[in-house]
Amino acid sequence: KAGVTQTPRYLIKTRGQQVTLSCSPISGHRSVSWYQQTPGQGLQFLFEYFSETQRNKGNFPGRFSGRQFSNSRSEMNVSTLELGDSALYLCASSPGEAADEQYFGPGTRLTVT
Amino acid sequence: AQSVSQHNHHVILSEAASLELGCNYSYGGTVNLFWYVQYPGQHLQLLLKYFSGDPLVKGIKGFEAEFIKSKFSFNLRKPSVQWSDTAEYFCAVNARGGYQKVTFGTGTKLQVIP
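From first to last, the protein sequence lines stand for chains A and B.
For the record, in the first sequence the residue sitting at position 20 is 20 according to the numbering used here, with numbers rising by one throughout.
Throughout, the numbering used here is defined as the position within the second sequence, counted from one, plus 1000.
Only chain A is shown next, with the shape it has when bound in the complex (with noise of 0.2 angstroms):
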């Protein structure tokens, strides 16, 4: 089976544009969630996808947003981008349907400058 799929793997914006990260889950999986890692901070919970539906939301202003199609592919979408949104943005499908076991992709290496 194919792994974890996140496009692009790199991007660079500018402060005040916005940005939408794609992610591919592994065939058959139904959750996805969204982290944003950062250096000291770790892994910081943005929001998790099933079935189309949102069933978590991290503590992330409403410029961070989501969604889940109906394949279970999964887009996340970051308004009015700041400097402190520079982060690698991983995506993690799990294959029940708790968002318990997670299979990480490489991550979207977001630069805002």
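In case anyone wonders, no lab produced these hints; they're calculated from the structure.
Be aware that a few hints might be false.
[Stated by the list, open to error] Across the chosen pairs, the derived CB separations fall in these ranges:
| # | chain 1 | residue 1 | chain 2 | residue 2 | range |
| --- | --- | --- | --- | --- | --- |
| 1 | A | Q41 | B | I1068 | 25 to 33 angstroms |
| 2 | A | R109 | B | S1026 | 25 to 33 angstroms |
| 3 | B | K1069 | A | R109 | 32 to 40 angstroms |
[To be verified] 25 angstroms max Cα-Cα, derived PhoX-like pairs, lysine-lysine:
| # | chain 1 | residue 1 | chain 2 | residue 2 |
| --- | --- | --- | --- | --- |
| 4 | A | K57 | B | K1049 |
| 5 | B | K1058 | B | K1071 |
| 6 | B | K1049 | A | K1 |
| 7 | B | K1061 | A | K1 |
[Stated by the list, open to error] Facing chain B, a subset of chain A residues (Cβ under 10 angstroms, in silico):
| # | residue |
| --- | --- |
| 8 | G40 |
| 9 | F50 |
| 10 | R55 |
| 11 | S94 |
| 12 | A98 |
| 13 | D100 |
Idealized CB from N, CA, C, for every residue including glycine.
Here the structure of chain A is known, so what remains is to put chain B in place on it, guided by the hints.
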């Protein structure tokens, strides 16, 4: 809400030394516990997990972890580390029941010196 603490941010060991990485969580109910590893340039991958049963859990590459409920701990151990164990290790927890998010610790960077 659950939280996870990893007190060691950076650990340096010589090959063949024993390893123990601390992980403590805060949550009043029943939890699932995980250790993930991120080797340089690679994806995060699951090292081991505890859902229920025997509190001593064995994972890949000779790693094990022990769940001590009374101490809210899930420390990771390996009797003899190798240079290839150089990586960042993350402890994670989620509350059992319902569809709860997974909370990760801030990670411990392990550097093994040949």
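Now for the hints, and whether the structure bears them out:
no.: 1; hint: A:Q41 - B:I1068: 25 to 33 angstroms; result: 27 angstroms, holds
no.: 2; hint: A:R109 - B:S1026: 25 to 33 angstroms; result: 31 angstroms, holds
no.: 3; hint: B:K1069 - A:R109: 32 to 40 angstroms; result: 39 angstroms, holds
no.: 4; hint: A:K57 - B:K1049; result: 23 angstroms, holds
no.: 5; hint: B:K1058 - B:K1071; result: 20 angstroms, holds
no.: 6; hint: B:K1049 - A:K1; result: 22 angstroms, holds
no.: 7; hint: B:K1061 - A:K1; result: 22 angstroms, holds
no.: 8; hint: G40; result: 7 angstroms, holds
no.: 9; hint: F50; result: 7 angstroms, holds
no.: 10; hint: R55; result: 5 angstroms, holds
no.: 11; hint: S94; result: 9 angstroms, holds
no.: 12; hint: A98; result: 5 angstroms, holds
no.: 13; hint: D100; result: 5 angstroms, holds
When each numbered hint is compared with the structure, no violation occurs for any of them.
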